[in-house]
Amino acid sequence: MGGQSSRYSDVYAAWKADPAGFWAEQAKAIDWVTPPTITFDPEAGVYGRWFTDGVCNTCHNAVDRHAATRPDQAAIIYDSPVTGTVQRITFAELKDEVATFAAVLQDLGVTKGDRVIVYMPMVPEAAIAMLACARIGAIHSVVFGGFAAKELATRIDDCHPKVIVSASCGIEGAKVIPYKPLLDGAIDLAMAKPEACVILQRTQVEASLVPGRDHDWAGLVARARAAGRQPDCVPLAATDPLYVLYTSGTTGKPKGVVRDNGGHMVALAWSMTNLYGVKPGEVFWAASDVGWVVGHSYIVYAPLLAGITSILYEGKPVGTPDPGAYWRVIAQHGVAALFTAPTAFRAIKKEDPEAKHLARYQLPSFRTLFLAGERADPDTVLWAEKILGVPVIDHWWQTETGWCIVGNPVGLGQLPVKPGSPTVPMPGYDVRIVDEAGHEVPAKAMGSIVVKMPLPPGSLPTLWQQDERFHESYLSQFPGYYSTSDAGFVDEDGYLYIMGRTDDIINVAGHRLSTGGMEEVLSSHPDVAECAVIGMADSLKGEVPCGFVVLKAGVNKRPEEVEKELVALVRDKIGPVAAFKLAITVSRLPKTRSGKILRGTMKKIADGAEWSMPATIDDPAILAEIEEVLKDRR
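The sequence shown: position 57 = 57 (full-length UniProt numbering), numbered continuously.
It is worth saying that the hints were derived from the structure and are not from the lab.
Just so it is clear, CB atoms sit at the ideal spot from N, CA and C, and this is done for glycine as well.
Incorrect hints may have been included.
Here are the computed distance ranges between Cβ atoms for each label pair [unchecked claim]:
{"hint": "1", "residue 1": "Ala17", "residue 2": "Gly281", "range": "30 to 38 Å"}
{"hint": "2", "residue 1": "Glu628", "residue 2": "Ala222", "range": "50 to 58 Å"}
{"hint": "3", "residue 1": "Thr37", "residue 2": "Asp467", "range": "21 to 29 Å"}
{"hint": "4", "residue 1": "Gly575", "residue 2": "Val390", "range": "31 to 39 Å"}
{"hint": "5", "residue 1": "Glu628", "residue 2": "Val390", "range": "35 to 43 Å"}
{"hint": "6", "residue 1": "Ala17", "residue 2": "Ala226", "range": "19 to 27 Å"}
{"hint": "7", "residue 1": "Asp619", "residue 2": "Pro378", "range": "25 to 33 Å"}
{"hint": "8", "residue 1": "Tyr361", "residue 2": "Glu195", "range": "44 to 52 Å"}
{"hint": "9", "residue 1": "Asn556", "residue 2": "Leu189", "range": "45 to 53 Å"}
{"hint": "10", "residue 1": "Pro378", "residue 2": "Asp31", "range": "39 to 47 Å"}
In silico SDA-like pairs for lysine to any residue, Cα to Cα no more than 20 Å straight-line [said to hold, decoys possible]:
{"hint": "11", "residue 1": "Lys452", "residue 2": "Asp430"}
{"hint": "12", "residue 1": "Lys162", "residue 2": "Ala92"}
{"hint": "13", "residue 1": "Lys350", "residue 2": "Val318"}
{"hint": "14", "residue 1": "Lys631", "residue 2": "Ala621"}
{"hint": "15", "residue 1": "Lys631", "residue 2": "Gly608"}
{"hint": "16", "residue 1": "Lys418", "residue 2": "Val318"}
{"hint": "17", "residue 1": "Lys604", "residue 2": "Asp618"}
Produce the entire structure from the sequences given, and follow the hints as far as they go.
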């Protein structure tokens, strides 16, 4: 498969021939207190567990071992255009900060197995709090900073934290968002109350502290430092939980994805060199947030495990201060690889379609751009490739898996890129396409994307205290397989194409059509910055597609003119069978704070169904605009 230079086929075949032998070999990259003798136990847990008799500590592997061997190398570079701050934290300094904050947590009564919620902006203290939990065996649950009080309360009630670590405020672009009133509101709403809160006071906002419950971060750290207490890393079972992360957009009882210590380290360490092709001592930047899985895996854990410098960025792709923000960070810090969501590049393309801001910077160290989090439409991939002159690598994974399911392994020798495809499965993932009855379908036939069990190291072993729900949500629909809830097909070269969530396959008069395929066509129009297609209920055809488009800055045509061209384009590229007659121009698309388009909510509005404001929405006003334009167009 692919080019001569890639070792991918051999590596994937080696995994398939002997999965346990393969992962036992990869586990040697990790320091173990007690190395595992059992690589996989099929009888443990819901579907089996990895490295069941291994004993380890994630903080030791991410921090202490590098503080001993590369103390002066930057572990984290904090770059915050919203506060005008750049701070370089070496591995030696990170160890000191993490061990001191671990003492703070212990002084507040936190012990192995206790939960700690981290509700923080993108500041170094967020990573320090996570690593301090890992050091003493506490289980962290990071909740995206600025989440509504009600959403934070449901997570407090689900995981019962002993302590909550937060900050006085976060900064979103030009807006300062006070966190403390949200935190206080959440604790009032929650049935489970934390014993203590630690608040990082930022200069933009001073939060008032509740006597007896709330403590000032700086004061507690100063006291622990004066006492000279720095606890050692606590030995943990490889199967002990490292963290619980709630999937975004969950309603009612949230789904807390559990991540273990041993398998997580082994998988992430493998991915850093083999998938991302980044070596110890180089600089890696995941432009995400610690509140999302990308932030957990590729801002905090994977780079540090591999001895790589990680960028922690508090800013936006545009507006902090301009569409050249990403180029400035890459140039200033010598970034080798950037990992971001396609929506970030669509935002840059919309504001600066000619990439004029890029001309101000030299990027000699920059080798690869990785995209994930949503479908990377070919138009965005090709634009990024053209302006940057480096490979643009789409890859696909989920909060649940914690690392890449399907990607292009740059570290093994990059395979040819096919725009629209995240390429091929990584070792550990046996990906299949099945019909509704669970039978495999031939190449190029659309179906549900599933992974043959067991899942590899690093993937979720279960949901927090909900084994039954885990089974029901992921394993029951297709027995023997993990259901990804995504739909797509595999081509004759084994490349996967993801056409949308399974609920994004629409049925137009008996024809199963992919909204992703239509989005691909719309985004190829030169005036379109980004788009989303949903299925709208129709009394005659069951469903008909409706496309929402955002035009690039500086387009001189009337929106109606572009809309007509788009309808003709879909008719030309997909055919009349698509029944695509409605393209609607909007000022922007409704998105979560992590950049995912809220297609489900848009569909409810289009269908005239009841809907509620999603907890994760970035800008609620846009849904009112969509409701208004649909009234006029229906």
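### Task
Could you check the structure against the hints above and give me the numbers of any it violates, in ascending order?
6, 12 and 16
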